[in-house]
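Protein sequences appear in the order of chains A and B. Numbered according to our numbering, the first sequence spans residues 1 to 401. Numbered according to our numbering, the second sequence spans residues 1 to 401.
I should point out that these hints are in silico values taken from the structure, not numbers from a laboratory. Every residue gets a Cβ at the ideal spot worked out from N, C-alpha and C, and that includes glycine. Check before you lean on any hint, since a few could be wrong.
[Stated by the list, open to error] Here are some, though not all, of the chain A residues that point toward chain B, as calculated from beta-carbon distances under 10 Å:
{"#": "1", "residue": "Ala2"}
{"#": "2", "residue": "Lys22"}
{"#": "3", "residue": "Thr260"}
[What the hints assert, rightly or not] Cβ-Cβ distance ranges computed for the label pairs, FRET-style:
{"#": "4", "chain 1": "B", "residue 1": "Lys28", "chain 2": "A", "residue 2": "Asn90", "range": "29 to 39 Å"}
{"#": "5", "chain 1": "B", "residue 1": "Asp195", "chain 2": "A", "residue 2": "Glu267", "range": "42 to 52 Å"}
{"#": "6", "chain 1": "B", "residue 1": "Glu377", "chain 2": "A", "residue 2": "Ala52", "range": "28 to 38 Å"}
{"#": "7", "chain 1": "B", "residue 1": "Pro13", "chain 2": "A", "residue 2": "Ala35", "range": "51 to 61 Å"}
{"#": "8", "chain 1": "A", "residue 1": "Ser269", "chain 2": "B", "residue 2": "Pro165", "range": "20 to 30 Å"}
[As the list claims (entries may be wrong)] No more than 30 Å apart at the CA atoms, straight line, and that leaves these computed lysine-lysine pairs for DSBU-like:
{"#": "9", "chain 1": "A", "residue 1": "Lys277", "chain 2": "B", "residue 2": "Lys374"}
{"#": "10", "chain 1": "B", "residue 1": "Lys10", "chain 2": "A", "residue 2": "Lys268"}
{"#": "11", "chain 1": "B", "residue 1": "Lys56", "chain 2": "B", "residue 2": "Lys301"}
{"#": "12", "chain 1": "B", "residue 1": "Lys396", "chain 2": "B", "residue 2": "Lys28"}
Protein chains: 2
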Amino acid sequence: MAFVNENFFKLSPSYLFSEIAKRVSDFKTNNPDKADSVIRCGIGDVTEPLPAASIKALHKAVDEMAVRETFRGYGPEEGYEFLRHAVAENDYRSRNLSITDDEIFVSDGSKCDCGNILDILGKGNRIAIPDPVYPVYYDTNIMAGNEDIIFVNGTEDNGFVPEPPFEKVDVIYLCFPNNPTGAVATKEQLKSWVDYALKNKSLIIFDAAYGDYIRNPDIPRSIYEIEGAYQCAIETRSFSKSGGFTGLRCAFAVVPKALTAYSLDGEKSVSLHSVWKRRQGSKFNGVSYPVQRAAEALYSKEGQAEVRQLVDFYMNNAKIIAETLRKLGLPFWGGDNAPYIWTKTIGGKSSWDMFSFLLDNFGIVTTPGSGFGKMGEGYFRISAFNSLENIKEAAKRLSSL
Amino acid sequence: MAFVNENFFKLSPSYLFSEIAKRVSDFKTNNPDKADSVIRCGIGDVTEPLPAASIKALHKAVDEMAVRETFRGYGPEEGYEFLRHAVAENDYRSRNLSITDDEIFVSDGSKCDCGNILDILGKGNRIAIPDPVYPVYYDTNIMAGNEDIIFVNGTEDNGFVPEPPFEKVDVIYLCFPNNPTGAVATKEQLKSWVDYALKNKSLIIFDAAYGDYIRNPDIPRSIYEIEGAYQCAIETRSFSKSGGFTGLRCAFAVVPKALTAYSLDGEKSVSLHSVWKRRQGSKFNGVSYPVQRAAEALYSKEGQAEVRQLVDFYMNNAKIIAETLRKLGLPFWGGDNAPYIWTKTIGGKSSWDMFSFLLDNFGIVTTPGSGFGKMGEGYFRISAFNSLENIKEAAKRLSSL
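Next up, chain A with everything else stripped away, as it sits in the complex (with noise of 0.2 Å):
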């Protein structure tokens, strides 16, 4: 008799984005008449085309594909070396961050990599996860059957940057710029969860999928700029926001060859460079050969100003809402190193009511923050991911709240 993984029956029937996606589906069905005006700020999906530079990039690997001589099969399941090197050499090494090439894992996603990274991970790990945050570390936890999980809260009074706990954690997520708050750590910050990582011998999971949005030169923008991080957290990043790769599918984890975990007994301690090498060599193939090599193309001159185009774009979307918000006077965070912006509800709504609300009287989506955990209740987030033209038009919606 085949057993379920019963930690599946723990999980809410739905995953937040399916139910948004369902509700803006029966609100359409019900009113065919404004159907087509629905302005979609909720799910952080890019909607400008691909950079030159990579359009340029895939036609040329396919071609390389429709010949024999230089048509590639399988390709090493960590990443082409001329991608782990573009990666490295320019996010980490040009900004004096010692990391090699071979510490780059490419994927195929930060999701896959954030669920993937537990199967390394033994049971028994006690697990700090942001309160609100991307509710996908909560849930792959919950299938993994780690029920040791504790909450640090993202308030108003810390910003929401939460603090490191009193009690002793041995897994730590953290995602800065926040999804979905849009928050942002600073070094100080930053080094507290180092600091206390280090000493309790934690790990720190570092999802930094938005870090092309910091602008501020203050804010670090990898957490291997804070001292001591190499030996304690792997770092999880996505051309899916910089290059606007989510329909291409590639990431990168770093996973530094100092980084260390221990046995059950506490005894042994292993690095975790090799386990997650051979994790990937046993249970993931690599990433498709024209889309390595349109990431690498993000890395060229014109690559790197098109990058910054379109991270400009999308950061004067969220400037415009910013300005919309501050103007009706509505409290709000994020939205200047980073494409989210966090907003309080109005009269004391509730999340999904206040979706509703703006779904139902402006035809704009949003995402309710109870989506992403208890602390979000009562807030809303909004996404800077859209045309100039449907964010213009929703800033004026917005107006008249």
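Please arrange chain B on chain A, whose structure you already have, making use of the hints.
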């Protein structure tokens, strides 16, 4: 203190194909004069360019990604409807197999699917794994902490098609056409497994990655050709060997809605379809859009002809090797409905000794049978995935064996 998954310590230190790559690299370093003439018949990787239909579809999809109006961001985690439909229609419904579009889950590889499927299965399952077989089934079960594993043996007596065991098992891996032996299972043989699974409420994971190499119309290409299989089997298939997609990454798993697994107490039955959908929703973000278009194109009239041509090409290679072995009087299996030829070592050599013997004296890379399990000791695998030129040269060299 972050705890590592100690199950990784139970794995053999390196993955089979990494070990082969290392030995070949060492050989080349020690024999620089012979380095260029080494012929790789080891790993089962395609060598011929992508079908023109896929190349055309890739270029078109890349162009769509360059324009705002046709740009695509996140796709559905389970794959685009256009591809799910093409798969269900062409691989199943046109052959009178009742598979709906939404029972197809598009993924980035069968290796990934075979490993990830364990996420949705509970602890406590007794697992049956054929021996010899593709090492990923065993390794991923060890990683997942499944220790109750029994082997069902492929031997010369059963033509390397194992029979169901006497004892009850909960999860069964089957792979036909088989990797590494090239054996195919008849309808009667598969029926004995399906009947066994239905009787014991077991789950069959049927790996049909090489299904397109079956040319004998009496041999089933899908487990669903067997009555009752919708209730007990997941089927994984790939475009890697049919369309030459090893470097592009696209595959799919079929999870019928009629398929159930059970709560640990055996009292509650659960549809695995919904659990797998939930798993993919939280830990996967879909396959690259241009790659899905390339896979769709394999089902066009032009694409189907090119797939046929590609498979014919590799099967002709297999025929050349088979004829050489036949002339030499060496016993072998496979090669008629599969791209692999499974050969007995000469003079009672161990598999790795035969590997070294063939590499050192003939410059031919094979795969040692012992890498596929204990029952593979004394055999080696020759892969037909190579250029015609190389296969002819390998056959010539082997003739002097």
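Each hint tested on the structure:
1. Ala2: holds, 4 Å
2. Lys22: At about 13 Å, which exceeds the 10 Å cut-off, the nearest Cβ of chain B leaves the hint on A/Lys22 violated.
3. Thr260: Since the shortest Cβ distance to chain B is 8 Å, the answer is holds.
4. B/Lys28 x A/Asn90: 29 to 39 Å: holds, 32 Å
5. B/Asp195 x A/Glu267: 42 to 52 Å: holds, 49 Å
6. B/Glu377 x A/Ala52: 28 to 38 Å: violated, 55 Å
7. B/Pro13 x A/Ala35: 51 to 61 Å: Holds, since B/Pro13 and A/Ala35 (Cβ atoms, about 58 Å apart) stay within the stated range.
8. A/Ser269 x B/Pro165: 20 to 30 Å: violated, 40 Å
9. A/Lys277 x B/Lys374: Holds. A/Lys277 to B/Lys374 sits at ~25 Å (cutoff 30 Å).
10. B/Lys10 x A/Lys268: holds, 15 Å
11. B/Lys56 x B/Lys301: Between B/Lys56 and B/Lys301 the Cα gap is close to 14 Å, so the pair holds against 30 Å.
12. B/Lys396 x B/Lys28: Holds - the C-alpha atoms of B/Lys28 and B/Lys396 are around 21 Å apart, at most 30 Å.
Hints 2, 6 and 8 from the earlier list are contradicted by this structure; the remaining hints agree with it.
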